[in-house]
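So the protein lines, in turn, are chains C and B.
Everything in the first sequence is counted per the UniProt record's numbering, starting at 1 for the first residue and increasing by one.
Everything in the second sequence is counted per the UniProt record's numbering, starting at 1 for the first residue and increasing by one.
By construction, these hints were calculated from the structure, which means they are not laboratory data.
Built from N, CA and C at the ideal position, the CB exists for glycine as well.
Residues from chain C shown here face chain B by an in silico Cβ test under 10 angstroms; the list is partial:
1) Cys-18
2) Thr-43
3) Val-49
4) Val-55
5) Ile-62
6) Asp-74
7) Ile-75
8) Ile-79
9) Gly-180
10) Ile-208
11) Val-240
12) Asn-254
Restraint ranges, calculated between C-beta atoms of paired labels, are given here:
13) C:Gly-209 / B:Lys-607: 25 to 31 angstroms
14) B:Asn-697 / C:Asn-93: 20 to 26 angstroms
15) C:Asn-128 / B:Tyr-393: 54 to 60 angstroms
16) B:Tyr-393 / C:Lys-116: 51 to 57 angstroms
These stretches of chain B come out as covered by chain C in the derived footprint (C-beta under 8 angstroms, 3 or more residues):
17) 637-651
18) 680-687
19) 756-767
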Amino acid sequence: MSKYIQISLMLVLLCSACQDPVDADELLNVDDSTYIIGYLSPTDTVLTVHVSTAVPAVGTPIYDHIDDIGSGSDIDPFIIKDAIVLISDEDDNEIQLTYKPESRNYQVDASEFDIKGGATYFLRVSANNKEFTSSCNIPKKIEPITEKITAGEKTEYYQDYNLDIAFQDISGSKNYYIIGAIAEVAYEGELYPYAIDFELSSFLTDVIGDGETLSANSIITNYDVENSTTAKITLQVANVEEVLYLNRRATYLNDYNDGNPFVEYSITPNNIEGNNGVGIFAGYQLTEKVIEYELKGNP
Amino acid sequence: MNRLPCGIEKQIHKNLRAPVIFKDTPFAPDQTEKKYTISGYITESGSGENLLGVSVYVPKLKLGTTTNDYGFFSLTLPEGNHEVVISYIGYGNEKHQLTLSEDKVLSIELKPSAENLEEVIVTADERIKESKVTQMSKVQINPADIQDIPALLGEKDVMKTLQLMPGIQGGSEGSSGFFVRGGTPDQNLIILDDAVVYNSNHLFGFFSVFNGDAIKSVEAFKGGFPARFGGRLSSVIKLDMKDGNKEKLSGKVNIGLISSSALLEGPINKGKTSFIASGRRTYADIMARPFIDSDKGNKTGYYFTDFNFKIHHIFSPKDKLYWSNYFGQDKFYDNSVYEEGDRDKSRLQWGNITSTLRWNHQFNNKLFSNTSLIFSNYKFKILIEEDFDDQKYLFKSSSGINDYTLKTDFDYYPNSQHTIRFGANATMHNFTPQRLLLKDEFNPDINKEQELNSFEGAIYAEDDWKLTDKLSLSPGLRLSYFNYKDKHYVNPEPRLALSYNMKTDLAFKASYSRMNQYIHLLSSSGIGLPTDLWVSSTDNIKPQTSQQFAVGVAKDFFDKDYSISLEGYYKTLDDVIAYKEGASFLAIDDLESGKNTNWEENITSGKGWAYGAEILFRKQTGPFTGWLGYTLAWSERQFDELNLGKKFYDRYDRRHDISLVGIYKPSERITLSGTWVLSTGNNYTLPNQQHIADPVNFPVASYPTTYNYSGMENFTTQRNNFRGETSHRLDLGVQFHKKKKKNRERTWGLSLYNAYARKNPFIYTIDDKDYDFYNPDAPEEKQLTRTSVLILIPSINYTFKF
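Could you put the whole structure together from the sequences, leaning on the hints where they help?
Structure (structure tokens):
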């Protein structure tokens, strides 16, 4: 209903409104920043850190054509390819990540550097003659994930199934969780994977009580109502550092509210230290559970 | 009651000492000197309306007082002959020669100056003006000015007029929420006849809920709060409704472009009981009906309406009863009927109801009391009913607040040095953050209600204490109490004001006040939507507190009847609340979906600082009236959980605000008016940078909310990182009056809002530049776009008074 209010308000405003582009140079005066992103987890097979240049939102031309990696636009000029990227642990073990053009990131095989739960890691990046540092902690892993699937709304075109997943919060610490699931459903002989939408309940904290059971729910839709099929569902719960939680959540909210001028824009958190450095370096632990569920047809 | 004749009537009363003494007056009158008290009520000629804040002054002795909220005054003078000057802004002066040899009761009627443009401007020190009162940081608006100042679509607006005063800033163009000395809209206590009005907006803030026709007085306190007021941090806006004409039946009809209003007032029992009723309704929906296919039952529209009703009954000169009521509502409605019996129906409505029963009792010459029983309600309701293919769906949600208040206030005048006010109040708050009924055929019904009950109470005492003939002090203490479940908050709120008269017409003033606020508004948008939710302090959400220091100078120019005041203030705010990053829309979305969320989780508390200076240069009498106001202000906030803990400027931190208001009445037939306002731009949070979107894979699957074509993602690391452009606007108005037989009058009013069509910013957005069809390979580029509203809005209205 808030949408209706906002739409109505927009209509009222538009009746007498006019829109004009404004010269942003004077109003949004911002320098380029160095953008650094890295997530660490014991389950990683490759350790990855990204280093690029963040540019002013207004007035920077972005060439919109399919480039050789197929990302949808030519982002190559923003990549910093000659940075020195080092990750170290509390025992001063250090490893350098090297730039891989195919991923446009700095990477190293995880087998060369041990990432352990509960440990602290340090990041050092030298780029554009500047030094940037950060650190992260690897949170504990949650176990186990439980789930319940029940039949939901049914029409002649589709059958919904309600998916509830639950897990127990890790006691003794403040925790931040990101929830997700991938369903792979066969339709006319093809396997279609898609992300299940938990909306904002993808982002959970233990604010309801330390050690409590946390849950999220969503809907799986089967459009092949005439045939029974088995869906392979991968349930995912990541225990993440707060900065990662806030970062992903801010990005989600800003996307979700894109174009809605009545919602305050979320500030992206930043734990990169150094002149004009932005981004995050954070740890997480991923728990996955794969289940199979028969989506019943109605021939 | 039989009316007292215009003039003076003698009665014997107890001795009552003068509450105000000025320069050249022996500060402590000779105790052996005989003193007598004059007391009584001052009313408006022709209507019997009690007038508040009227100056009763004896120039020779430089002694004076003002009438209280119910038109009562009391002044003790030495035995002998005195000239008493009665004067009130917007009304003529009355001079009375008194031979005082016993206590006297005066009943004085003042004529509105509109009836007498030849009004004699006070040419000497004959009135209690700004430099002679201890109170500072207070502005009064003459209701007649509200009628004359040009307004959007001709809708005369009390709140918009207040926003032309320094220190009281409006929000964005078109919104009615206002910000006093760096505070937030929920920190303004708006009281109509003692009842708190929770939502003062119609139509998302374009108009205020107060129908100016029924308002008798408007006072705004920005600082130096008297102890009798509490419960909000930043301001008190006190509105009093008219009591109703006790002499004859009279009325007013106003027809405007978007609404019409009517007012009727008169005696029920002449001189004893009077009533006033006024109503306003917009009629765009009614006019649109012929164009909507209503045969099948289709109906859609929006309207807002207000209704005020008050009865005043005089039991005896010492006992009076007032019952005042306000009802206001905004409503969107839509009924759609489709083929095969499918239909849907939706309603969206919000509004206030207040009802106040007040009993005035005058115990004796020294003690006057008022006791009020108050009900205040704000409710927001949504209803959606759908019936498609015989599948029924019902969604009903509401939120609101009910207040039940008992309040008693005493005015006590023990001697000439002191004017003491004391009292107590108790309020039961009943909040309903969510009441939800959801029925459909596929899910179990949801029928739940969240309720918060809390109690707020206070006792207070304040004194206007004349220490010397130059120095007056006004100490006060309010002890506030709040209870929610097992949590009890008790907070002393000291208040202090002082005034030092350097000259007869020049005073230095200073004040300190500490305030607590136990109820908070969760605002989802910052612009004041009806979905904004009032909630209580709880175990987790502490009361907001503020401390304000203010110093100033008030200077009156008696000969020219100008006044100027200059004030500086410094205010700190603690435990102010705000939504956490990105949480602002959750309250609404969760209400819709019936999710059982705890709103407290989405709230964070922090600190605020506001400081600045204000100048008000004002002329309130004569054919030309108006003011020039200037505000220089800063407003900052710091929340551990917002903006990465860094201090930031508040959204409505505006460095400069200028307002220029002029009303010119060259003759009885014409009124010309104009206002010009200029303000520094508001602050906005805009994504001013972009980085590569999702360059590192995070393994948890996320559902794409939008498809990103450019591979880039906007972001910002700083809240309120962008200051909008300066706004300025000129509004013009002209009214043509014509007197008719039997004292009837018709007025044609024309006004032009934003006369030079300035495109002031309402919002800013960052959008993609338009696609260039001639150059499809051109790079994508974003631009900053300003949306402006309310550009050059003319209006016309017709008023008929009888």
